[in-house]
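Novice: This is what each chain is made of:
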Amino acid sequence: MVVSETKPNPVGESKPRLDAREKVTGAAIFGDDIQFGNALLHARILRSPHPHARIISIDTRQAEALPGVKAVVTGKGFPGYIGLYLLDRHIFCRDRVRYVGDPVAGVAAISEAIAEDALELIEVEYEILKPVIDPEYGVSSEATLIHPELDQYQVASFILPQPNSNISNYFKIRKGDVDSAWDNCAAIVERKYRIPHIQHVPIEPHVAVAQVDASGGITLWGSSQSPFAQRNLIAQALGISQSDMRVIAPYVGGGFGSKAGVSMESLAVAIATKVKGRPVKLLLTREEEFFTAFVRQGLIAYFKMGCDGDGNLLAMENKFYWDSGAYTEYGVNITRASGYSSSGPYEVPNVKTDSYCVYTNHPVGGPMRGVGMPEMHAGLEQCIDELAQQIGMDQVEFRRINCVKEGSILVTGGKMHPTGLLQCLEKTAEAIGWGHKAEASAANKRRGKGLALMWKAPAMPPNAGSSAWVELAEDGRVTVGVGGQDLGQGSFTVAAQMAAAALGVPYEWVRVATPLDTRYSPYEWQTVASRLTWSMGNAVVNAAKDARQQILEMTAEAWDEDLENLDILNGMVVSYKSEREIPLENIVIYGLPKADDQGWIGGPVIGRGKFMPDYVTGLDPETGQGERAVVHYTTGAQAVELEVDLDTGQIEILRGAAAFDVGKAINPELVRAQIEGGFVQGMSSALFESLNLKDGYVQNPSFVDYRIATSSDVPGGIQSIIVEVPQDDGPWGARGVGEHSMVPTIPAIANAIYDAVGVRFDGPPFTAEKVYLTMLEAGIVK
Amino acid sequence: MGFHRINLTVNGEMEQVDVTGYMTLLDMLREKLVLTGTKNGCAAGECGACTVMMNGEPVNSCLVLAVECDQALIVTVEGLARDTQLDPIQKAIMDAGGVQCGYCTPGVLIASRALLDRNPDPSESEIRAALVGNLCRCTGYIRIIEGVQEAAKM
Amino acid sequence: MVQIIGCENRLTSIVRLGISDRLEEFYNTMNAYPGLPEFDYLKPETYAEASEFLVTHAGEARPFIGGTDLFVQMRDRVLRPKYLVDVKGLEGMDEISFDNSGGLTIGAGVNMNRLIAAPEVAEHYQILAEAAQSVASYQLRTRATIVGNICNASPAGDTIGASLLLDGMLNIYGGQGMRQEALSTFFLGPGETILQTGDIVTSIWFPRPPDGVKGKYIKLGRNKLSDLSIVGVTAVGYPDADTVSGTHFKLALASVAPVPLVVEKVGEILGVTPVTEETLKDAAEAAMEACTPIDDVRGSARYRKLMVRNLSLNALKDVWHQLSLLNA
Ligand SMILES: Cc1cc2nc3c(=O)[nH]c(=O)nc-3n(C[C@H](O)[C@H](O)[C@H](O)COP(=O)(O)OP(=O)(O)OC[C@H]3O[C@@H](n4cnc5c(N)ncnc54)[C@H](O)[C@@H]3O)c2cc1C
Ligand code: FES
Ligand code: FES
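Which chain is which? The protein sequence lines are A, B and C, in order.
My numbering numbers the first residue of the first sequence as 44 and each following residue consecutively.
My numbering numbers the first residue of the second sequence as 739 and each following residue consecutively.
My numbering numbers the first residue of the third sequence as 3 and each following residue consecutively.
To be clear, the hints were calculated from the coordinates, so they are not data collected in a lab.
Note that the coordinates shown come from a computational prediction; the quantities given were computed from them, not determined experimentally.
Any given hint could turn out to be false.
As the list claims (entries may be wrong) - DSS-like mimics (lysine-lysine), calculated; alpha carbons at most 27 Å apart, straight line: (1) A:Lys215 with A:Lys488; (2) A:Lys480 with A:Lys825; (3) A:Lys488 with C:Lys45; (4) C:Lys226 with C:Lys84; (5) A:Lys488 with C:Lys307; (6) B:Lys770 with A:Lys319; (7) A:Lys113 with A:Lys317; (8) A:Lys50 with A:Lys588; (9) A:Lys737 with C:Lys307; (10) C:Lys84 with C:Lys45; (11) A:Lys448 with A:Lys470; (12) A:Lys813 with C:Lys84; (13) A:Lys488 with C:Lys226; (14) C:Lys226 with A:Lys825; (15) C:Lys84 with A:Lys825; (16) A:Lys458 with A:Lys488; (17) A:Lys347 with A:Lys362; (18) A:Lys813 with C:Lys45; (19) A:Lys825 with C:Lys319; (20) A:Lys458 with A:Lys470; (21) A:Lys347 with A:Lys458; (22) B:Lys770 with C:Lys84; (23) C:Lys319 with C:Lys267; (24) A:Lys362 with A:Lys488; (25) A:Lys347 with A:Lys317; (26) A:Lys813 with C:Lys319; (27) A:Lys215 with A:Lys319; (28) C:Lys319 with A:Lys488; (29) A:Lys448 with A:Lys458; (30) C:Lys45 with B:Lys770; (31) C:Lys283 with C:Lys226; (32) A:Lys215 with A:Lys347; (33) C:Lys307 with A:Lys825; (34) B:Lys829 with A:Lys113; (35) C:Lys283 with A:Lys825; (36) C:Lys283 with C:Lys267; (37) A:Lys588 with A:Lys173; (38) A:Lys813 with C:Lys283; (39) A:Lys480 with C:Lys226; (40) A:Lys825 with A:Lys813.
Only chain A is shown next, with the shape it has when bound in the complex (with noise of 0.2 Å):
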C-alpha cells in the first residue's frame, strides 16, 4: 500500500524538459509569433549616424505624410528617464546622440516597408561632436563629456557616479597594505587585457508589440528575461502606474542577457501611445541586433599580482576600465561586481582594486552571461598561470593552496561558506588529463592543455526579490505560478520538479502558468545572475509547502488527526497512524466533510510563497569592505586540451573538462547542458568573437563578419562534472550555474595555447591570424 512506498522525490532526477514537445512540434510561441490580425502596424527606428552630436533639428512633416504611416514619434513627448540601477537615457534621443544606432525618431506604418521608406524623409539637422572611444581616455579630463547632467541623474544608493567626469560609478577595494606586500613577493606578474565587445548573438532577434487601450493601459509582449523590471521601468519613465502597464512574456529565443532590462521594448511603446488602440510591433533585423541591443562591455583590465617563494598569493593591485557605452543599463552594477570579486576565486591578504565605469559613444553595454567575470577572468586567470609558472610551481598545485575554502577570508572582508572548488579543480585536472602531455596529432600541429578556475556570486541589488504561486485543479493536477522566464535554461521545468518534490505529487502533474504575465504572474525580480534556480526555487517551494500546510490542515481536521501523521504521498494524502488515504483529487477544491459530517472544511487550494534574501550588507564605500556582500558564490573549474595549427594559426579544441559546484543539481542533465552550452559559448568568445569597433562604428554587423561557434567547430566531448556542497538557503542546496559555465574559458584555452606554443595575448578573441602572427614575432614560425 501507498504508506509503505519509499517516498518519491523527482529532485534530483533528469526529468525531461516541461517545453521539449512543444519546442520540437513547432508549437512553442515565441514574441513574433503572436496573431494580431490587420490592426497590427510595423514599427522602424531611424537611428543616429553619428556616435556623438547634438541634435539641432527633426523634421518630420514629409514621413508623416507617407501614405500608410500611422504615427512619427520622437523624444519630443517623452521627457523621462529610464534605467535600471542609474537612469540616464530617454527612450527616444532628445538633445543628443551617444552612439551609431541611438534611436532618434520611430515610425509607425502599415507595413514594414512603408515604415523603413518613411525613415529616409525624415530630415535630422546634427552638431557633430567628439567621440570618446576608449574607457582609459574617457576618464581623463579631457576627453568630452558625454553626460553633462550626470550628477542629475537618478541612482542606486550603492552605485557612486563621478560628477564632471564621464564615470558612472567608480568601485574601491581597499583590503590590507598592498603597497608594502610586494617586497615580501618572490614573484610578481604585471599585465594588461583589452576584452572586446561582444554581442550575446541570441538566435531570436528582440521583437516587442505594445498596445494602449482606451483607458490609456498598456500591454507589451516581447521576448523578455524581466518583465517585471520592464512594467516598472517604462511605467516610471512614462510617468503613469505600474499597474497600468502590463508586460507579457511567451517564450525567449535565447537571451543571455541581452533581453533583460528595457532596451528596445520602450520604443515600441512609446510608438504606441501615438495610435492608440493598434499593436505595434518592432522587429529588430539581425543587423540591428549587433549594433543597437545590449553588447556585452568593453574592458582594459590591469593586473599585478604577487606571491612568496611557497606560493602563497600576497597581494593583487587591479585597475579596470569598463567600456560601458553610450548608457549603462547594468555596465555600473557589473563594475561593482566586478570589483568585489575582484581577487578571483583566491585568498589574497592585501587588494587594491579600482574598478570605472566610463561612458564611451560605443553601444550600449548591457549583462551577458556571467557579466563581467568572463572578462575579468579571462586576465586574472592567466596571470595566476604566469605567476605559477614563475615560480617554478604546477599550476594546479598553485591553486590547490591558494583558492578559497570555507572560511576564507574574502576580499570585501567577510567568510567563505563552505564550497567545493577544491573538489572542482582536482576533477577537473584529472578529467583532462593534467600533467600528462599528449603527442600532436600532425607534425604542423603542437598539442597544449589549460585551466582555469572561476567564482561568480549573483550581481543584483541586495533584495532582489521572487515570489510563487501554488494552485491546484478538480483531477488534482497542479499550476505552478512564477514571474522568472525560462530562457532555454530549463528553469520552468525546475521549478515543476521543486513543486512536485514540496507537494508530494508526481513531476507529470505539473505544469508552469505561462506565458509569464505581469498581471497575473507573481512578482520576480528579473530572470538574470543565475538567480532563479535559487531565489525562484525557494519561493516556488515556499509556495508548494503552503499549499500543503493547507491540504494536511484541512485533512486532519476532518480525519480528526494530528497533522504530524499526515503526509502527501504521490498525490494521495496518507495517514501514518490510521492507514488512511484520499487521493488530491476534488478535495483540492471542493474540500473535506467535517468529521462530525456536519458541514464541509477546506475548500480551493492557493499555495504563495515568496524569497527575499536579507542578510546583505553594504561595503564601505572607501575600501569596499562589509560583512557579507553578496548572497553566495558559485565556483568552477574548466580545463581544455587543443591544437595550434603552425601553418595557419588555427586553434582546434579537442575536447574540455569542467566542474561546477552547483549546490544540488535539480536536474542534473540540464545542469550538464549548462555546462557544456556555457563552454562553448565561452569558446566561440575566445576564438571568433569581437564587435570589431572603428570610432564607434560596428564593422561586422551581421552573421557574414561576426562569426560565432558552428557545429563544425565545437569539440567531440566535454565532460561536465558536478560537486555539490549544498548552499544553506538554497533550495534542496541548490546555488545557480547558468552563467558560470562561460567564466573560465578564455583563460583555460590562452593557458592552453601558453602550453602548446608559448605565446600570449593581450586578449581574445584568439583568431588564427593572431595566434600565426605572434607565433611569427615569436620566431615559433618562419
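On the provided structure of chain A, position chains B and C with the ligands as indicated by the hints.
Specialist: Below, chains B and C with the ligands without anything else, positioned relative to chain A:
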C-alpha cells in the same frame, strides 16, 4: 505591384495563396499560412532558423521567393509529426537534450531530417557538416549531434 | 555600370568601390532592409523573351538563379532592381551532361548539391565538387549555383578557382544569340564581368580533363566550415610529358586580389624543374608574391600573403602526393 497566385502543398495540405513577387517563402509561411514554427533569425541565409524542406531538399526559406514555390512540396517543422506521433528526429533531439531555448530547433530538425533522408547512417563529421548552416547559441551543438546519431539508429 | 560584391564583407566592399571613405556613410551599410525591398517577379518562357526584357529594362531588371547573392545584396541596399527575372526554368538550365569527347556541361540552374552528387563530376572533376562542398551550408547549396557564383564575380567565390583551372567556358545567350566566353578573360574586377545587359549564362562547359588530373582546394575560414574564405587555394596537377618535371601544375587563389587569380608562375616553376620540396616552396613563394590582398574584417593583407604561401605549399604538396600515388 502585382500579386501572383500560387498553388502548393504545405505539410500535406493543398494551399492557394496570392503573394507579391518579393514575399519570401518564410514570410508566406509565417504570415499567410500562420505556420509560425519556422523562425526568422537573420533573413540573410546565415542562421538556418528558417530552414524548411522544399521538394525534399532543405532550403533557407528567407532566401526563397514565395512565387518560386508554385507547385512545390513544402514541409515545415509542423509537418514532421504524424498526428501525435513524433518523427524519430524530434524524439531523439528532445531526448538527447538538444533543445534549450528552442529557437534554432525547427531549422535543426528539418536539416537533420533531410540529412537522414539522403544518408540514413551518417558519420559524426557528416552530421556536423550537415548542420553548419544551423546556428545554435544555447546547446553547444553536442547534444544535437548526439540526437541525430540516435535518430539514425531508430 | 553597377558593381556588386557578393559575399564580400559589406563595409570593405563599399570602401573598395570608392563609394565612401566617410565613416558616417558606413552607417548605411549597417542598416540592412528588414525584408526584401519591393520588386516584381518574372519567369519568362524563352531566352529571347528573358533577354529582351532585361534589355528593355536595363538598369532596372536583373536575372537570378538561386538568388543567394542577389537577395542579400538587395537587403544590404547595394542593389534595388525593380524586376527580377527568374531564368532557372529556361531550357537546358537544369541539365548536367558528360561524354568523353565533349566534356562536361552544367546548366546554369543546377544547384551545388546536385553538382556535388553527380557521379560524372565526382569521377572526372572532383576538384569542382570539393570546391562547391566548401560553400556555405547544405541548405544554402540547395539554391546556390556555380554559375551564380561565377557571375557574381566575388574574389572570394569558392568555385571560381576550380572552374578557371579546369578551363571552363561559359555559354551565353545574348542579343546576337549564343556565344562562348572563356572564364580566363571573364572577370574585370570585384563584381564586374564582361557580361552585357541582356546576357544570360545558360551553362558552363568544361573540356575533358587531362588524364590523371588531381586537385586540392584549401579554404581558410574563421570557422572550420561554412565561412567565406580568408584565403582560398585551388591546386591541380596532371602528368604531362611535355614538361621537364613530367607534371603540369596550376594554382588559383581566392580572396587575395580584385579578381580570382591564376598564378601562372607556379606552372612555370614546377614545369621547368623537377618537383622537389624546394621547388614546391619556390612555387608557393611565387604565389605569395603574385597576390595583392587587402586588409578587411576577415584578415589583414599581411596574414593573407603568408597564408597564400603556406596553403599553396600544402595544396601543391597534396596534389604532388596524389600524383605520386598514381605513379606508384
Ligand atoms: C549565407 C551565405 C553564405 C555564402 N557562403 C558562400 C561561400 O562560402 N562561398 C562562396 O563562394 N559564396 C558564398 N555565398 C554566395 C552565394 O551563395 C554564391 O555566390 C552562389 O553560388 C550564388 O549563386 P546563385 O545562383 O544563388 O546566384 P544569384 O544570386 O542568383 O546570382 C548571382 C549574380 O549573378 C547574376 N546572374 C545569375 N544568374 C545569371 C545568369 N544566368 N546569367 C547572367 N547573370 C546571372 C545575378 O544577377 C547576380 O548578380 C554565400 C551566400 C550566402 C547568403
Ligand atoms: S532566417 Fe533564414 S537563414 Fe537566418
Ligand atoms: S536551443 Fe537556443 S538557439 Fe539552439
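Novice: None of the hints should be skipped; say for each whether it holds.
Specialist: Evaluated hints:
At most 27 Å may separate the alpha-carbon atoms for a hinted pair to count; Lys215 (chain A) and Lys488 (chain A) exceed this at roughly 44 Å. Restraint check: the Cα-Cα separation between Lys480 (chain A) and Lys825 (chain A) comes to about 25 Å, which is no more than 27 Å; the hinted pair holds. For the given pair, Lys488 (chain A) sits about 53 Å from Lys45 (chain C) by alpha-carbon distance, which is inconsistent with the 27 Å threshold. Using a Cα cut-off of 27 Å, the hinted pair Lys226 (chain C) and Lys84 (chain C) is violated, with the two alpha carbons roughly 38 Å apart.
A C-alpha spacing of about 21 Å is found between Lys488 (chain A) and Lys307 (chain C), which places the hinted pair at or below 27 Å, so the restraint holds. Restraint check: the Cα-Cα separation between Lys770 (chain B) and Lys319 (chain A) comes to about 26 Å, which is no more than 27 Å; the hinted pair holds. Between Lys113 (chain A) and Lys317 (chain A) the CA atoms are separated by roughly 8 Å; this keeps the pair inside 27 Å, and the hint holds. In summary, the hint linking Lys50 (chain A) to Lys588 (chain A) is supported, as the alpha carbons are separated by about 16 Å, within the 27 Å threshold.
Between Lys737 (chain A) and Lys307 (chain C), the direct Cα distance comes to roughly 24 Å. Compliance with the 27 Å bound is thereby established for this hinted pair. Distance hint between Lys84 (chain C) and Lys45 (chain C) is fulfilled; the C-alpha atoms sit about 14 Å from each other, no more than 27 Å. With a CA separation close to 16 Å, the supplied pair Lys448 (chain A) and Lys470 (chain A) stays within the 27 Å bound. Distance hint between Lys813 (chain A) and Lys84 (chain C) is unfulfilled; the C-alpha atoms sit about 44 Å from each other, more than 27 Å.
With a C-alpha separation of about 16 Å, the suggested pair Lys488 (chain A) and Lys226 (chain C) falls inside the 27 Å cut-off, and the hint holds. Under the criterion of a C-alpha separation no larger than 27 Å, the hint pairing Lys226 (chain C) with Lys825 (chain A) is consistent with the structure, at around 23 Å. With a C-alpha separation of about 53 Å, the suggested pairing of Lys84 (chain C) with Lys825 (chain A) is violated against the 27 Å cut-off. Pair hint Lys458 (chain A) plus Lys488 (chain A) does not hold up; C-alpha atoms about 46 Å apart against a cutoff of 27 Å.
With a C-alpha separation of about 9 Å, the suggested pairing of Lys347 (chain A) with Lys362 (chain A) holds against the 27 Å cut-off. Between Lys813 (chain A) and Lys45 (chain C), the direct Cα distance comes to roughly 48 Å. Violation of the 27 Å bound is thereby established for this hinted pair. Restraint check: the Cα-Cα separation between Lys825 (chain A) and Lys319 (chain C) comes to about 18 Å, which is no more than 27 Å; the hinted pair holds. Taken as a hint, the Lys458 (chain A) and Lys470 (chain A) pair is honoured in the structure, with Cα atoms around 25 Å apart against an allowance of 27 Å.
With a CA separation close to 24 Å, the supplied pair Lys347 (chain A) and Lys458 (chain A) stays within the 27 Å bound. Among the hinted pairs, Lys770 (chain B) with Lys84 (chain C) is consistent with the structure: their alpha-carbon atoms are about 24 Å apart, no more than 27 Å. Distance hint between Lys319 (chain C) and Lys267 (chain C) is fulfilled; the C-alpha atoms sit about 16 Å from each other, no more than 27 Å. At most 27 Å may separate the alpha-carbon atoms for a hinted pair to count; Lys362 (chain A) and Lys488 (chain A) exceed this at roughly 37 Å.
Restraint check: the Cα-Cα separation between Lys347 (chain A) and Lys317 (chain A) comes to about 55 Å, which exceeds 27 Å; the hinted pair is violated. With a C-alpha separation of about 26 Å, the suggested pairing of Lys813 (chain A) with Lys319 (chain C) holds against the 27 Å cut-off. Distance check on the hinted pair: Lys215 (chain A) and Lys319 (chain A) sit about 48 Å apart at the alpha-carbon level, beyond 27 Å; violated. Taking the CA atoms of Lys319 (chain C) and Lys488 (chain A), the gap is about 17 Å. The hint holds against a cut of 27 Å.
About 9 Å separates the Cα atoms of Lys448 (chain A) and Lys458 (chain A), which keeps this hinted pair within 27 Å; it holds. Note on Lys45 (chain C) and Lys770 (chain B): the hinted pairing holds, with a Cα-Cα distance of about 22 Å set against a maximum of 27 Å. As the CA atoms of Lys283 (chain C) and Lys226 (chain C) are separated by approximately 25 Å, the hinted pair is consistent with the 27 Å bound. The hinted pair formed by Lys215 (chain A) and Lys347 (chain A) meets the criterion: a straight-line CA distance of about 16 Å does not exceed 27 Å.
A hinted pair counts as satisfied when its Cα atoms are at most 27 Å apart, and Lys307 (chain C) with Lys825 (chain A) qualifies at roughly 13 Å. Only pairs whose Cα atoms come within 27 Å are accepted, and Lys829 (chain B) paired with Lys113 (chain A) is rejected, the gap being roughly 46 Å. Between Lys283 (chain C) and Lys825 (chain A) the alpha-carbon distance is near 13 Å, which keeps this suggested pair within the 27 Å criterion. As the CA atoms of Lys283 (chain C) and Lys267 (chain C) are separated by approximately 13 Å, the hinted pair is consistent with the 27 Å bound.
In summary, the hint linking Lys588 (chain A) to Lys173 (chain A) is not supported, as the alpha carbons are separated by about 59 Å, beyond the 27 Å threshold. A C-alpha spacing of about 24 Å is found between Lys813 (chain A) and Lys283 (chain C), which places the hinted pair at or below 27 Å, so the restraint holds. For the proposed pair Lys480 (chain A) and Lys226 (chain C), the alpha carbon gap of about 25 Å is at most 27 Å, so the pair holds. Restraint check: the Cα-Cα separation between Lys825 (chain A) and Lys813 (chain A) comes to about 15 Å, which is no more than 27 Å; the hinted pair holds.
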